[in-house]
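A.B. asks: For reference, the chains in residue letters:
Number of protein chains: 2
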Amino acid sequence: MISTKQLTYFDAVARHKHFGRAAEECAVTQPALSMQIQEMERALGVALVERGRTIRLTDAGDQIAARAADILQRIDGLSDFANSRQAPLSGQIRLGVIPSIAPYVLPQVLPELQRRYPALELRVRETLTEYLLAQLEDGSLDVALLALPVEGAGFDTLPLFDDAFLLASPAGSAAGKRTRPTIDQLADAPLLLLEEGHCLREQALSFCSLRDIENADSFGASSLSTLVQMVASGMGQTLLPEMSVTLEAGRNDIDVQRFAAPQPSRKVGLAFRKTSPLKADFTALGDVILDARPPARDI
Amino acid sequence: MISTKQLTYFDAVARHKHFGRAAEECAVTQPALSMQIQEMERALGVALVERGRTIRLTDAGDQIAARAADILQRIDGLSDFANSRQAPLSGQIRLGVIPSIAPYVLPQVLPELQRRYPALELRVRETLTEYLLAQLEDGSLDVALLALPVEGAGFDTLPLFDDAFLLASPAGSAAGKRTRPTIDQLADAPLLLLEEGHCLREQALSFCSLRDIENADSFGASSLSTLVQMVASGMGQTLLPEMSVTLEAGRNDIDVQRFAAPQPSRKVGLAFRKTSPLKADFTALGDVILDARPPARDI
DNA sequence: TAAAAATACTCCATAGGTATTTTAT
DNA sequence: ATAAAATACCTATGGAGTATTTTTA
Numbered sequence: 001m002i003s004t005k006q007l008t009y010f011d012a013v014a015r016h017k018h019f020g021r022a023a024e025e026c027a028v029t030q031p032a033l034s035m036q037i038q039e040m041e042r043a044l045g046v047a048l049v050e051r052g053r054t055i056r057l058t059d060a061g062d063q064i065a066a067r068a069a070d071i072l073q074r075i076d077g078l079s080d081f082a083n084s085r086q087a088p089l090s091g092q093i094r095l096g097v098i099p100s101i102a103p104y105v106l107p108q109v110l111p112e113l114q115r116r117y118p119a120l121e122l123r124v125r126e127t128l129t130e131y132l133l134a135q136l137e138d139g140s141l142d143v144a145l146l147a148l149p150v151e152g153a154g155f156d157t158l159p160l161f162d163d164a165f166l167l168a169s170p171a172g173s174a175a176g177k178r179t180r181p182t183i184d185q186l187a188d189a190p191l192l193l194l195e196e197g198h199c200l201r202e203q204a205l206s207f208c209s210l211r212d213i214e215n216a217d218s219f220g221a222s223s224l225s226t227l228v229q230m231v232a233s234g235m236g237q238t239l240l241p242e243m244s245v246t247l248e249a250g251r252n253d254i255d256v257q258r259f260a261a262p263q264p265s266r267k268v269g270l271a272f273r274k275t276s277p278l279k280a281d282f283t284a285l286g287d288v289i290l291d292a293r294p295p296a297r298d299i
Numbered sequence: 001m002i003s004t005k006q007l008t009y010f011d012a013v014a015r016h017k018h019f020g021r022a023a024e025e026c027a028v029t030q031p032a033l034s035m036q037i038q039e040m041e042r043a044l045g046v047a048l049v050e051r052g053r054t055i056r057l058t059d060a061g062d063q064i065a066a067r068a069a070d071i072l073q074r075i076d077g078l079s080d081f082a083n084s085r086q087a088p089l090s091g092q093i094r095l096g097v098i099p100s101i102a103p104y105v106l107p108q109v110l111p112e113l114q115r116r117y118p119a120l121e122l123r124v125r126e127t128l129t130e131y132l133l134a135q136l137e138d139g140s141l142d143v144a145l146l147a148l149p150v151e152g153a154g155f156d157t158l159p160l161f162d163d164a165f166l167l168a169s170p171a172g173s174a175a176g177k178r179t180r181p182t183i184d185q186l187a188d189a190p191l192l193l194l195e196e197g198h199c200l201r202e203q204a205l206s207f208c209s210l211r212d213i214e215n216a217d218s219f220g221a222s223s224l225s226t227l228v229q230m231v232a233s234g235m236g237q238t239l240l241p242e243m244s245v246t247l248e249a250g251r252n253d254i255d256v257q258r259f260a261a262p263q264p265s266r267k268v269g270l271a272f273r274k275t276s277p278l279k280a281d282f283t284a285l286g287d288v289i290l291d292a293r294p295p296a297r298d299i
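Residue numbers (this note's numbering), protein chains in the order written: chain Z, 1 to 299; chain B, 1 to 299.
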């Protein structure tokens, strides 16, 4: 097979019409270059150069020189393309985010990502943890932003921050209570939850005693907005992730209270295949997510 | 620089998504292939493959695989192109022919060449020997069909055949003369010649004694047709190359006689730069010219 | 004769092979 | 536990260097 070395040498010969100067350009000796040209002619089975006191390309040599130049340019193009990709967070990255994070984090993160890494082509997909992990596994996602820990041995994770759960109850129900609520108070009213499959549902339940679980709404809302709406209408109380309160709880028909320590919380982070070579990119992505978070508000 | 070997190996990996099978296809061992892929990744500065129990291409790897396949196809194209050129008499050949040969040889030779070598793109140029040789030298011609020998050390020649000179005289002037004329008879009447620059003129003069030369027409015709016309009108006699008589002397107002031995003749052959790598092609070209000549006619 | 490319040879870099270890599922 | 790729180490091919010869103009 013709080597790129041969193409390079022959391209130089075609341009200089002189083995010595071509060799100089290629930073090799003339015999080395001559041998490669001869080998190339042998491999192709056609004379490329007419040798004499001064050399000349044959007709075939002319045509092959043009093709060689084109090929060399495309090979250089590989490096150029690769260079454009070797900067962190450049090229395509497919990010999955769970529904209980996406609307609260992406609005801040996406513009900042675009600003810092204009070469990044981020594809975002929002779905349940279960599907995110499956898509990570089958390669249709590169990284997922979700609640840790994740099941499955094939994944590596990058923890980012803790997101506290706050107690949301109908307005007035918390009135007069100075002290912060404790987990035990989950038993005081029906616990409204997201529908099956949302990790938030499982996490909320994990803070409950078995008896409380009977208290839980067995239908489940399909979004936090719906959940908040249900709380506001007095159907019960729920746990809201802190990151969601600005967006979801900026209304006066519900009360949101921070729990007394130890506060329940979920850990948010990135997950990716442990074989992924993009770990450095994910670290940079994590930094942007952390930087883009609004500062914690006192509640 | 990325080598074609690396591109080949990586292309195989991209298609098989498996180092071992890719290595098998490339007829090397898995470690050898692995090393080249690693070296390619190092050279490009990007991860191309995500390694695991089963491997997967990165986004950059995907894109580079597509480019690599394209480049490899173009490199294969070089060989294909060269193969189409390595058959004898294929591709472009630029042939020069002198005016006293072209109209008598080309009509037979060109169709036969086209028939035997359909891949040949012959460019024919007709001009005087002097210019043909200059164009051979500067590379704007590959080969010339002319009268040998040629001046100049840089040329190699391939003699093809002898072309006798016949005596053409006005009709009736040769009547009754049973015996063939001799060179001496050139003195019997004014000798009509082609204009300066035509080698035929010099060759004809070379057969004349100094005294005859005074006899020669000093203006000169610009073509053999004109010359024959002049002979027919009784202005004198001339020498005609045998190859031309069928075309030029098929008329009853001139007599054409073969000289007694030793017959004057010119040697016709091919000339080309001695550095030309197309010698084999020129030999094949010579064969076609010889084969296409009409059989000698008795005159 | 002078300039240029080819040849002869020597050496070393490196591609590739074998055996083994590490890693991922 | 097993399949697959990486690593370690060794060998050998061939690319490149130096010196020289051959060829062309």
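Source of the hints: derived by calculation from the structure; they are not laboratory data. If you're wondering where the values come from, they're calculated on a predicted model, not measured in any experiment. Just to be clear, a hint being listed does not mean it is correct.
When chains are identical, the list treats them as one kind, so a pair holds in a single copy or across two.
What the hints assert, rightly or not - Here are the simulated DSBU-like pairs of lysine-lysine, each with C-alpha atoms no more than 35 Å apart in a straight line: (1) LYS267 <-> LYS279; (2) LYS17 <-> LYS279; (3) LYS267 <-> LYS5; (4) LYS5 <-> LYS17.
A.B. asks: Would you mind marking each hint as holding or not holding in the structure?
C.D. replies: Going through the hints against the structure:
1. LYS267 <-> LYS279: within (19 Å within a copy, 80 Å between copies)
2. LYS17 <-> LYS279: between (49 Å within a copy, 21 Å between copies)
3. LYS267 <-> LYS5: neither (54 Å within a copy, 47 Å between copies)
4. LYS5 <-> LYS17: both (17 Å within a copy, 28 Å between copies)
The earlier numbered hint that this structure contradicts is number 3, and it is the only one.
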